[in-house]
Every structure is written in C-alpha cells, then in structure tokens.
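Please take these sequences and the hints and turn them into a complete structure.
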Amino acid sequence: MSLGGAGPGRGTRVLGEFASILFVVIVAISAYEVIMRYAFQSPTIWVHEISVALAAIAFALGGPYVHATRQHIAITFFLDRMQERSRRALRVFQTLVSLIFLGFLAYAAGEQAIASVADGETSGTALNLPIPALLKSVFALCVVLLAWQTLRHLINDIRAARWRT
Amino acid sequence: MSIEWITVCMFGGLVLLLALGVPLAFSTGLIAVAAALSLFGLDSLQLIASRIFSFMGEYVLVSVPMFVLMASLMERSGVAKDLFNAMRVWAGALPGGLAIQTMVAATLMGAMTGIIGGEIVLLGLIALPQMLRLGYDRKLAIGTICAGGSLGTMIPPSIVLVIYGLTVNVPIGDLFTANLMPGLILSGAYMLYIFIRCQLNPALGPPAPAAERAVPLKHKLRLMGGLALPVLVILSVLGTIYLGIASVTEAAAMGVVGTLIAASLRRELKWGLVRDAARQTMATCGMLLWLSFGATAFTGVYNLAGGPAFIHGVITSLDVSPVVVVLIMMGILLFLGCIMDWVGICLLTMPIFVPIIKSLGYDPVWFGVLFCLNMQVSYLSPPFGPAAFYLKGVAPKDMTLDEIFAALWPFILLQVMVLLLVLLVPATVTWLPGLGD
Chain A
1 MSLGGAGPGR GTRVLGEFAS ILFVVIVAIS AYEVIMRYAF QSPTIWVHEI SVALAAIAFA
61 LGGPYVHATR QHIAITFFLD RMQERSRRAL RVFQTLVSLI FLGFLAYAAG EQAIASVADG
121 ETSGTALNLP IPALLKSVFA LCVVLLAWQT LRHLINDIRA ARWRT
Chain B
1001 MSIEWITVCM FGGLVLLLAL GVPLAFSTGL IAVAAALSLF GLDSLQLIAS RIFSFMGEYV
1061 LVSVPMFVLM ASLMERSGVA KDLFNAMRVW AGALPGGLAI QTMVAATLMG AMTGIIGGEI
1121 VLLGLIALPQ MLRLGYDRKL AIGTICAGGS LGTMIPPSIV LVIYGLTVNV PIGDLFTANL
1181 MPGLILSGAY MLYIFIRCQL NPALGPPAPA AERAVPLKHK LRLMGGLALP VLVILSVLGT
1241 IYLGIASVTE AAAMGVVGTL IAASLRRELK WGLVRDAARQ TMATCGMLLW LSFGATAFTG
1301 VYNLAGGPAF IHGVITSLDV SPVVVVLIMM GILLFLGCIM DWVGICLLTM PIFVPIIKSL
1361 GYDPVWFGVL FCLNMQVSYL SPPFGPAAFY LKGVAPKDMT LDEIFAALWP FILLQVMVLL
1421 LVLLVPATVT WLPGLGD
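Chains as they are written, first to last, in the working numbering: chain A, 1 to 165; chain B, 1001 to 1437.
Please keep in mind that the hints were generated in silico from the structure rather than gathered at the bench. Even glycine gets a Cβ: it sits at the ideal position worked out from N, Cα and C. Errors might be hidden in some of the hints.
[What the hints assert, rightly or not] Computed list of lysine to any residue pairs in SDA-like fashion (alpha-carbon distance at most 25 Å, straight line):
no.	chain 1	residue 1	chain 2	residue 2
1	B	K1270	A	V25
2	B	K1392	A	T76
3	B	K1220	B	L1232
[What the hints assert, rightly or not] Away from chain B, derived, C-beta distances all over 10 Å, residues of chain A:
no.	residue
4	G11
5	A31
6	V34
7	A39
8	I45
9	V52
10	Q83
11	R88
12	L90
13	Q94
14	E111
15	K136
16	W148
17	I158
Rendered as structure tokens:
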C-alpha cells in the first residue's frame, strides 16, 4: 500500500472514491428527511445525526487525502526565493515540525479513542449508537496515517537533501 | 510566564513557522501543542483533541461540503456557461457592456456558490477570452474576473459566513440575510466603476461588432432559458433558508439536488461528473477542516491561558472611541488577509474580537459582514491573493502574476470603500429586518 507517495497513489484514489459515496449519501438522506417532513409530516430521528457522522468521517479522511498530494496551504513566498540547497534543508525542517505536532496529536486523539471505545461511549440521543467511539477512532487513525505520510515525506526529503548536495 | 509573553511567543512563533513555509494547519497545531505542554502539562493535550472532536460534530458544518459540492457540480456542468451566454447577448453597444454583463453573471453565480476558486477559473475560461477578443483593456478584464469571481463568498450562501457563525455562535440564516445587501452593493460598485471608466474612455471596453450584435430578439429570449435553472436553484436554496423552511445544511443539500436535476435536464448527469465533483469537495474540505483543527487548538490553548481577557484589557485601556477599535480590528484583519487564509484568520481572531465587539454594544452579525468584506480584500491582495493565482492557472501564457496583481488595485479600493460604508452605515446590513427570524 502506498498512501504516502508524492503523487496520488492507489490508496488516495480509494479514499476519494469512498468520500464521493459519503457525500452523495448525505445529500440523499437530507433530501429524504426534507421530503418526509413536508410531504408526509413524519420527520426522521436519524438523518441529522448520521449526516454529522458521515461528514465527520469525510473531514477526517480529507486530511490524509490532501496530504498525499502535499496540497496543504503553506506560504512558499520565501521558500521560492531560496537557493536549492537551503530549500531542501528547510523542507526537512517543515516536515519534522509537522511530524512533532502529529505525533502529539496522535497520542491525545488515540488516548481519547481508546477510552471512548473501552467505555462503549454512545451518542446519548434517540438513536444512541456508538457514534462518538467510531468518530474518535477514525480521527485517531487519520492522524496516525498523516504522521506516517509525513514520516515518508521526511525520509524522501532527507534523501533528496543528501543526494544532490 | 506572564500572558504578555505567552501572547508574544504564541503569535510570534506562528508567524515564524508560517514564514518558514510550514503548512498553516500544522503551524497553528504545533504552537498549540507546545504552549499546552509548557503551560499546562501533558494532560492538557486532551483539551486539544476534545476541541477538535466537538468542532467536527457541528451540524452546521455539514453544510460546507454541501455548498462545495453544489459549486463543483455547477462548474463541471454547462449550467454556468449557459448563464454567461444568456447575459452576454444583452451587452449591446454599451462601452464596457460585456464586462458589466460578466459582473451580472458573476453575481448570479455567487448566489449559487458559497466558495471562491471555481468561479474565477470558469470566468477566466469563458469570459476573459471574449473580453480580450473584443480588445478590452487587459487590466479592466482581469479585475472584472477576479473581483467578480470572488463574490462567491460575499453573495449568500457563503462558507465564510458559515465558519464565522460557527465560531462566534450566530445564526447562519441571519448572517446570510445581512450579507445580501452589502454583497449587492459591492457588485453594484464594480459595475458602476466599469461603466464610468468606459464612459470616460470607450476604448477600454469596445462593444462587439454590429454584425455580431444583431442577434434576433427571439434567439436572445431563448438564451434566457439558460437563466431559468440557475435562478431556480438560487431561489430554492436561499428561499428555504430565509423563510426558515429548512436548516442551512438541508437547504444546501437541496441545492445539490437542484443542481443535479439541472445537470440531468441538460443530459450531463453521469457518475463520473458526480465523482469528480465529490473528489474536489473532499480535497477542499480536507484542507479547510484540518486548517480549522489546528486553529481551533491554538485558540483553545490561548483561551485557557487567559488571552482574550488580556487583549480585551489592552483594547479597553486604549481609551479610544468604539469606532476606532473597530477600525483597528479591520486594519489587523486586512494585514492578516495578506498573509493568511480566511479560515485561519476567522478561527484565530474572531473568538478574541467578537466578545469585545459585543461589549462595545455592536451587533456580531454586522461584524460578520465586515469580516466577510475584509476577506474579499484578502482574495485580491498581494502577495498571496488566491484570486490572482486561480486566474493565472487558466489565463493566457503572456499574462503574468505581476500584471494580474497590478490590475486588482482599483477593485481593492472599491472593496475598502464598501467596507467603510457598511462600517459607518450599519443600516446597509439591518435593512431586511425580521426576514432572518
């Protein structure tokens, strides 16, 4: 599996495909809710909560999806005006800094996910499904995935920095 | 450590990391983590994770991918192109007519989309070649496209207002209602500017040759059919929100349905179209949301350290009139707009600014409109104005970024003038009373 590659790899495409389904499902169930409410006077109890959950999953997955192609917004103004050598060194620094953040976030998110799953945390609504436990786990996994991608970027950057100096 | 030093370290560190090219999402997050660890210890990292979870669970946030999806579908289908073509034939012999019609089309598109980017690309592909072909002044053409295309987040719906409403807890419907008039004033100001410049010097915007203008009225009216579908989508989305029939999220989802119906009536509806649009939605939302995660972590830690109270103290100790405070804030926002993305700015500054605004007796909805206008400037302002970069991607090869930015100054000036108008005459925002209830 190659999720951390520089170009959009297979894993990224799978993520994109999966997200399209999530978004289309949100559209479909929201339309269903509006129709049920106005045409049949019987609003559902699940559409609201399920749309939030599906969107949250898509948002979480969006991080690795964007990261796989290095599309995160960054200011490259100074970077573009640097010498090739210092630019490569700076790239290593950026990736390292990102990795530190993701490492700590993975720790915090992971701890919460584990606690939530262990407690069997549920949403406490009419549906009362274990949605919080699911979302926290998905988010933690995405942070780990991001960290893994970043680590691969770091290795690539260090290689690039060493080979061409 | 005193709050003064915490403030300097957190914001100074952020600027430094940004300047070094660390992605915005990770810069804010790293500073948040570092500050949390050094001020409150390892356990406080849970606060960061919790803030992110609760942000992700907001129902209103679901409207963001819906609005983005709606815009992506619109851009990929021929609906927007039809709209432009329907407007184009009415330009007539008026100097600058085509640019004014482009602005009308851009305003209508702005009412269909809540984001910027796609609209600029689209206008760059269909309207720019037309204007250049007629021999329009290049600067006027560039400015029309960039400023008009940026109206996407100014004319409701607007994801800038969705995020603002979420951050400061103001009903999104009220914000949409309030923003309508200033959005139209801005678009009207652009049209007036184009009209006046072309009246003074008709060579800036020559009309189409007479032979080309001689489109039979019947044909013109048939082209107007291209307006029907977009207008229907606009009315259904904004209508449901204003009349309170459905939540913003549901209205946005219905907008997607409407766009899909429009595409299917044009026989363009294929799974490939939907999939590509959904993929783009994924990329846009992934970027936006992870930016928000970092920024919300940053503000959470800064709040815990007592930052907002400190800033509040500094501002009240200035002992100036409330209007000056608002002007100072506008200056800060304009500056940040030059170097940062609007999501980051909103989540970093609004939790600090809006409580001050409220304590000064101002309306947070009105301030949201000011924020939105500010972000209009940020799209055009160098060196990172995203509108210029979007246009550059599709512009003729000989059109440089420098040329594009140089063309945008008059439009930035117009934006600032409208900003000042709304600031000094709040009635521009509150003239639609009760509609948002």
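- prompt: Can you name, in rising order, the numbers of the hints this structure does not satisfy?
  reply: Those not satisfied are hints 5, 6, 9, 12, 13, 14 and 15.
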